[in-house]
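Chains as they are written, first to last, in this note's numbering: chain R, 318 to 635; chain H, 113 to 466.
Any given hint might turn out to be false.
[Said to hold, decoys possible] Now the in silico label distances, taken between C-beta atoms and shown as ranges: (1) R/Leu330 to H/Lys313: 25 to 33 Å; (2) R/Ser544 to H/Gly272: 24 to 32 Å; (3) H/Thr130 to R/Val494: 24 to 32 Å; (4) H/Arg188 to R/Leu441: 43 to 51 Å; (5) R/Phe547 to H/Lys313: 53 to 61 Å.
[Stated by the list, open to error] Okay, derived cross-link-like pairs now, DSS-like style, lysine-lysine, Cα gap no bigger than 25 Å in a straight line: (6) H/Lys387 to H/Lys408; (7) H/Lys408 to H/Lys371; (8) R/Lys443 to R/Lys326; (9) H/Lys371 to H/Lys387; (10) H/Lys196 to H/Lys131; (11) H/Lys371 to R/Lys443; (12) R/Lys552 to H/Lys408; (13) H/Lys131 to R/Lys552; (14) R/Lys443 to H/Lys196.
Please keep in mind that the hints were generated in silico from the structure rather than gathered at the bench.
Positions of the beta carbon are idealized from the N, C-alpha and C atoms, including for glycine.
Each chain is listed here by its residues.
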Amino acid sequence: MEWYEYLIKRVLLLVPTLFGVSIFVFFLVHLVPGSPAVAMLGVRATEERIAEIENDLGLNEPLPVQYIDWFTGVLTGDLGQSYSFNGPVSSILVDRFFVSLELVLLTLLVSLCVSIPLGIAAALYKNSPIDYFSMSVGITGVSVPTFFSGVVFIAIFAVWQGWFPVSGYVVPSEDIVANLRHMALPTLTMTLVAVAVAMRMMRSSMIETLGEEYIRFLKAKGLRRRSVLFGHALKNSFIPVITVIGLQFGYMLSGAVVVEQIFAIPGLGRTVLQAVLQRDYPLVQGAVLLLAVWFSVVNLLTDLIVSFLNPRIMEEET
Amino acid sequence: MSSEPRLSLQDLEVTYTTKHDEVTAVDGVSVDIQSDEIFGVVGESGCGKSTLANTILRLLDDNGEITGGEIRYNGRDLAEMSEKGLSRTVRGREISMVFQDPNTSLDPVYTIGQQLTETIRQHLDVSKQEARERAVQSLDDVGIPSPADRLDDYPHQFSGGMRQRVVIAIALSCNPSLLIADEPTTGLDVSIQAQILDLLKDINENRDTSVVLITHDLGVVAEICDRVGVMYAGNLVEVSPVGVIYNDPKHPYTQDLLKSIPETHDIKEELTVIKGSPPDLRSPPSGCRYHPRCSKVCSEACETGEMPRVYHEGESSVRCYIYDAAENPEYEATTNGTDEQSGEQSQQTKRGEQ
């Protein structure tokens, strides 16, 4: 199979996936007890006022009718109006999406620069100080919760040293330096977790590859150590790491809720949380759909990269 | 045949270190590999034959180490050479190696053309185009049909037998003078095995390439080897021409090994087996390592003495007290000049001569 056939096949598979997600999320959201009208008006609202609002929002229609209304809108690019944020869901989501994307990309960039070299070094010098060091970094990273490390970083680098702002967000087009300064601590907090996973994966994958018979054969051919390690072992052991990075990339976008909350960053995770609390149905539905698309696209990209690196993948798919 | 051996192992000793133990997997192995011969190494699993093969190019696992002896090749001691020098001038250039399982010997993410040309360009100063032409030639030499078209295929696109041919093509691409093949047919179908053996024979006859063939299969040995070394528990107990091994084996272990080959034309009720199992090398038996299983124990030295030294019997060298007049009263020397001093001393004199 050629790679573009593979791509087309995978893109076509997205259609039923996203359709399923849309049904699932729509009905799930509407099953959650509580009414958006109550959320908007507060607990002291009168019955009549609540009924009036619910009628305005079209919540009295049968669920399938509401779904079809919403879904036809989605097909034309209209995700509806947000109840709580005043504005079309699509533009709210786009703004929030790019805020989160910046945070995720920065985290990924920093964490890869640390985790890949550290993982390789730990594999090459197994059971040496550098291996133990990387292992302790890893264990610390996954076991310290972000709500704790985030607050500690604020205390040290913002309050005490004053190097970075405590919280908040500046749009990069306005002032890129201020933007990056605001992003530094959230990135650091998220990196701590991300590093651990990629590094451990890199280490174990590299160790496994170095034990393969073809590595011995490459040495027997007289290849230089550098070519054996970085030409062959690295390429082979990077393949499973890419899959892990892809998964991280996908889930970090929505998984940054805590970090976005601590640092008051108006990202996607924080917005979804608010939308759920406000019973802002259109916003929740739109956000989940967007996340599903995002996840699928990242997965597709990951698989494409992996299949370029590993020629056996596309054969297996046929 | 020149008189200078192509490769000469002298009193080679290899030790694996684990957390709790030290295991001497190859112990005092001395043998000369002649130019243009196919030398077979046989033995049960765990006897150290693969370790011996890996030791020659110093491809031991991290916990394995050469703890004594020499690997003389072309006036150099490979055991003493730097890793860099070994890679640049010996591995893949002078001495090549082929491993047991062709399915795992090739890097799955590079085409076989890339894996061939990287070897050629590592050792020979040729352009990319020339390397590619040589690669095609190498594939053609080992009998891969339409080699030019297959250069850009990945290893998984070949069958097992073809893959082993590719591995051999890579090993031979720089015209080495010695090829070490570690059980090269074990992972293959019987019909393919014969083809690969023919190929090795062909290589040996048509090029100036000696072959060291590691195998546990005495049938394979009979088919293509000129001389055979028999290993037991890390010792090379007998080295004989292939005819002697089959018709007049010298060492009791070799004799027992031959008896245990099932004979298809003469269906016996029970298979003859060698009683007991190979010793635990963490604490090898005293005396001759084979004595607990040997049916021909001839003297006290077998059980309590040193490992017997090398005795020369006709064209064979054998490590067994049966051939020691002092230990075995029934021994009658069959040839003259067999009376060496102890094995160790003879090693030292040999080294002194060089």
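Verification of the hints:
| no. | hint | verdict |
| --- | --- | --- |
| 1 | R/Leu330 to H/Lys313: 25 to 33 Å | violated, 53 Å |
| 2 | R/Ser544 to H/Gly272: 24 to 32 Å | holds, 27 Å |
| 3 | H/Thr130 to R/Val494: 24 to 32 Å | violated, 57 Å |
| 4 | H/Arg188 to R/Leu441: 43 to 51 Å | violated, 29 Å |
| 5 | R/Phe547 to H/Lys313: 53 to 61 Å | violated, 38 Å |
| 6 | H/Lys387 to H/Lys408 | holds, 13 Å |
| 7 | H/Lys408 to H/Lys371 | holds, 15 Å |
| 8 | R/Lys443 to R/Lys326 | violated, 42 Å |
| 9 | H/Lys371 to H/Lys387 | holds, 12 Å |
| 10 | H/Lys196 to H/Lys131 | violated, 29 Å |
| 11 | H/Lys371 to R/Lys443 | violated, 47 Å |
| 12 | R/Lys552 to H/Lys408 | violated, 56 Å |
| 13 | H/Lys131 to R/Lys552 | violated, 32 Å |
| 14 | R/Lys443 to H/Lys196 | holds, 22 Å |
When the structure is compared with the earlier hints, violations turn up for hints 1, 3, 4, 5, 8, 10, 11, 12, 13 and for no others.
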